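So the sequence lines, in the order shown, correspond to chains H and W. Per UniProt numbering, residue 1 is the first one in the first sequence, and the count goes up by one each step. Per UniProt numbering, residue 1 is the first one in the second sequence, and the count goes up by one each step.
Derived by calculation from the structure, the hints in this document are not laboratory data. Treat the hints with care, as some may be off.
If several chains are the same, the list does not tell them apart, and a pair holds so long as it fits within one copy or across any two.
The list that follows gives simulated cross-link-like pairs (lysine to any residue, SDA-like), each with its CA atoms no further than 20 Å apart [to be verified]:
hint : residue 1 : residue 2
1    : Lys-27    : Gln-280
2    : Lys-392   : Asn-134
3    : Lys-2     : Gln-369
4    : Lys-207   : His-169
5    : Lys-132   : His-169
6    : Lys-207   : Gly-167
7    : Lys-120   : Gln-365
8    : Lys-374   : Asn-104
9    : Lys-250   : Phe-320
10   : Lys-250   : Gln-280
11   : Lys-318   : Lys-393
12   : Lys-63    : Arg-360
13   : Lys-63    : Glu-236
Remember, it's a predicted structure, so these values are computed and weren't measured experimentally.
Protein chains: 2
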Amino acid sequence: MKTVEEQLRIIAKGVSILVDEDELRNKLTEFIQNNRPLIIKLGLDPSAPDIHLGHAVVLRKIKQMQDLGHEAVIIIGDFTGKIGDPSGKSKGRNALTDEQVRENARTYFEQIFKVLDKKKTTVRYNSEWLSKLNFEDVLRLAATTTVARMMERDDFQNRFTNNIPIGIHEFFYPLMQAYDSIELNADIELGGTDQTFNILMGRTLQKTMGQSQQVAMFMPLLEGLDGVEKMSKSLENYIGVYESAKVMFKKVMEVPDELILKYFELATDEHPDRIEAIRQELVQGKNPRDIKYALAEIITSLYHTEQEVIEAKEYYDKAFIKKAIPDQIPELAVKAQSHLVEIIPLLVENGFIKSNSEFRRLVQQNGVQLNQHKLKHIDSILLYGDVLKIGKKRFVKIIWEG
Amino acid sequence: MKTVEEQLRIIAKGVSILVDEDELRNKLTEFIQNNRPLIIKLGLDPSAPDIHLGHAVVLRKIKQMQDLGHEAVIIIGDFTGKIGDPSGKSKGRNALTDEQVRENARTYFEQIFKVLDKKKTTVRYNSEWLSKLNFEDVLRLAATTTVARMMERDDFQNRFTNNIPIGIHEFFYPLMQAYDSIELNADIELGGTDQTFNILMGRTLQKTMGQSQQVAMFMPLLEGLDGVEKMSKSLENYIGVYESAKVMFKKVMEVPDELILKYFELATDEHPDRIEAIRQELVQGKNPRDIKYALAEIITSLYHTEQEVIEAKEYYDKAFIKKAIPDQIPELAVKAQSHLVEIIPLLVENGFIKSNSEFRRLVQQNGVQLNQHKLKHIDSILLYGDVLKIGKKRFVKIIWEG
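Bound conformation, chain H alone:
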């Protein structure tokens, strides 16, 4: 079994906020002394999106703790899900039936167990205990906190200040989540930084109820392939855990260089020492593309078999490196010192594109490459021999006229 400090180092890797380290150290010391695994809580919404590497950040962190000997409990918030929005105001929050909740949960599990260790994971539905609370129990729960405390939550504060209604029932969502921690006697709860208030509420409630307070662990948000926005399905900047090895490998290769280290920290289970070594390599000028290739291999391996990874690499090498540019491509003669924007009429004239506007749209959608790099500025200066790739199949090589 690893030492307390070694466990602490692995657990703290990539974590945004840890509340607090001393408590975690004490819990780990007890774990080693009594061989009682820590109970790690993760609450999941049963609205069942496809899980991508952004969602997987907390799951990977749990997996790392499972590898250290701890136990995970996944809470499916079916109680809240079944109620929907009791004010009836939000159309998006319709009540789900038992059947729907169970079906969504099944889809979820198929995905989360691509990350978590099934043997060290329990799944519980919070309706199990929450549906049993009566009015008196609810009042006792409500009495554990105050209006002022609730108003510390940013969204409540903002809405109150801006006269946007806050339903009284909304105060119960943090309280319900906190109550789940009581039921589990949770040692650690994880979440994104957007979960700060709710997870800290669990600590408060545990203290009120005489339990040892859970350590709160907040993970940073992972930016998607655009390098700017949080990874999300709707922005199409995501890498889904259920995607094929080929797609996954290729997508990791599209991660912006600046995010390589962050992806190593949050999307892999690599040891902090390894990550430090990679940081050194980057500092010393090693080609980011080679490091990213290693990253793609590691991430793909986390979700696919060895054979699938080999095939994904072969496919990538063939499609995107070796044959990235066809042997024979048409040439376009332009004036030396042309800016790209100046030759658009020539591109239209010669049938490479249909119109000026089509070309601009393709550029905006990152559908144009200049020498295998995304074209960002439409008035880049063209050099002799530059290769433009327009859309998926159209190539053109720039030469000087005359």
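Chain H is already provided as a structure; the job is to place chain W on it using the hints.
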């Protein structure tokens, strides 16, 4: 059956705020058309104080409506009472047992049925429906209102502004009271003006739930015998409904003249025409003492038998009028044009009082009379033949010296 407008006049007598008159008119019209009595709701706290005429203001108003053909439902808030203060912070709000609640309620009933018509009164305990609500029901109830709305209640607003904690459970007290109105399908709810927020919440909830909104009827506070403070047991300025006819009669005779009309309005069931006639008599200079005598007879009759009232009057006449001043009383010779304050040393010297300070204390406690009126100003000018009554038994007549 009385006409709508006549009923409205009787019901509105003495009411501080009525929300709103048109709705009440409609309800009364329906009552007359369909012979469906209106359901009048009154919530009572099971903490069981002795009821005095101040508490009886709402009860008398209900009695007047019962006489018009309507039905009262008394809600005993045992659910709240049994929970006590779930935050455990207020020592005054310990949880009551079922037994205590029932015992308190019994004491209460003995007193309220000295006012209300038992045949037209139903008593219900709100634990009957509130204890059956589960978490989901509670969330639906909570969703009917907003934090901003709750903050309109003065005490919440003040506490929030002054950083005095408000427990989340406290938001449920108005909601529970409102839910009681739903359960009853109440047509009218009565309360003191301090109940404004809670009773109006009932209207809101009924509207949300698709019920006809209850009319809210707020009664003014009744000042006690000191003419200044709200009648209350702790201030000893009260007339209890359980006091003997003799005590009650005598206490009504101590009501300050300025409050005669208010007592007629709020502490009797007299018709508005009669009250208007009395107002005219007062304006025309009729001796307030005679009108008060009639008031004392009316109020005492509301709580005692005819025979008891006769005996009370006889007792009062004998003890406080006919023998108000003994035949033989000692005389004290003072300088003409003396102020009372100037003769205090003489009063001490002659053994009428023990000390200057005793006299001043007695004056403060209304224990000194000058010619059968309470002495208010210690520097009143004394006239020849004035009779001072000091405490219960000491009399002294003022004469001029020399």
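message: Treating 20 Å as the Cα threshold, decide for Lys-207 and His-169: within, between, both or neither.
response: Answer is between: at 19 Å across copies they meet the 20 Å cutoff, but 23 Å inside does not.
- request: Could you figure out if Lys-250 and Gln-280 sit no more than 20 Å apart (CA to CA) within one copy, between two copies, both or neither?
  value: neither (25 Å within a copy, 98 Å between copies)
- request: Please work out whether the CA atoms of Lys-2 and Gln-369 approach to 20 Å or closer within one copy, between two copies, in both situations, or in neither?
  value: neither (48 Å within a copy, 91 Å between copies)
field: Status of Lys-393 relative to Lys-318 across identical chains (alpha carbons, at most 20 Å)
entry: within (15 Å within a copy, 120 Å between copies)
- prompt: Given identical chains, is Lys-392 near Asn-134, meaning Cα to Cα at most 20 Å, within a copy, between copies, both, or neither?
  reply: neither (61 Å within a copy, 59 Å between copies)
- prompt: Using 20 Å as the alpha-carbon threshold, which applies to Lys-132 and His-169: within, between, both, or neither?
  reply: So Lys-132 and His-169 pass the 20 Å test inside a copy (17 Å) and across (18 Å) alike.
- prompt: Should Lys-63 paired with Arg-360 be assigned to within, between, both, or neither, using CA atoms and 20 Å as the limit?
  reply: Close neither inside one copy (44 Å) nor across copies (83 Å); limit 20 Å.
task: Tell me, please, which holds for Lys-27 and Gln-280 at an alpha-carbon limit of 20 Å: within, between, both or neither?
output: Classified as neither: same-chain Cα gap 33 Å, cross-chain 83 Å, threshold 20 Å.
- request: With 20 Å as the alpha-carbon cut-off, assign the pair Lys-374 and Asn-104 to within, between, both or neither.
  value: neither (38 Å within a copy, 81 Å between copies)
query: Between Lys-250 and Phe-320, at a C-alpha cutoff of 20 Å, which is it: within one copy, between copies, both, or neither?
result: Answer is within; shortest intra-copy Cα gap is 8 Å, inter-copy 106 Å.
field: Up to 20 Å CA-CA - Glu-236 versus Lys-63, copy category
entry: Neither. Shortest intra-copy (26 Å) and inter-copy (71 Å) distances fail the 20 Å Cα cut-off.
message: Treating 20 Å as the Cα threshold, decide for Lys-207 and Gly-167: within, between, both or neither.
response: between (27 Å within a copy, 17 Å between copies)
In the structure shown, a violation is registered for the earlier hints numbered 1, 2, 3, 7, 8, 10, 12, 13, in ascending order.
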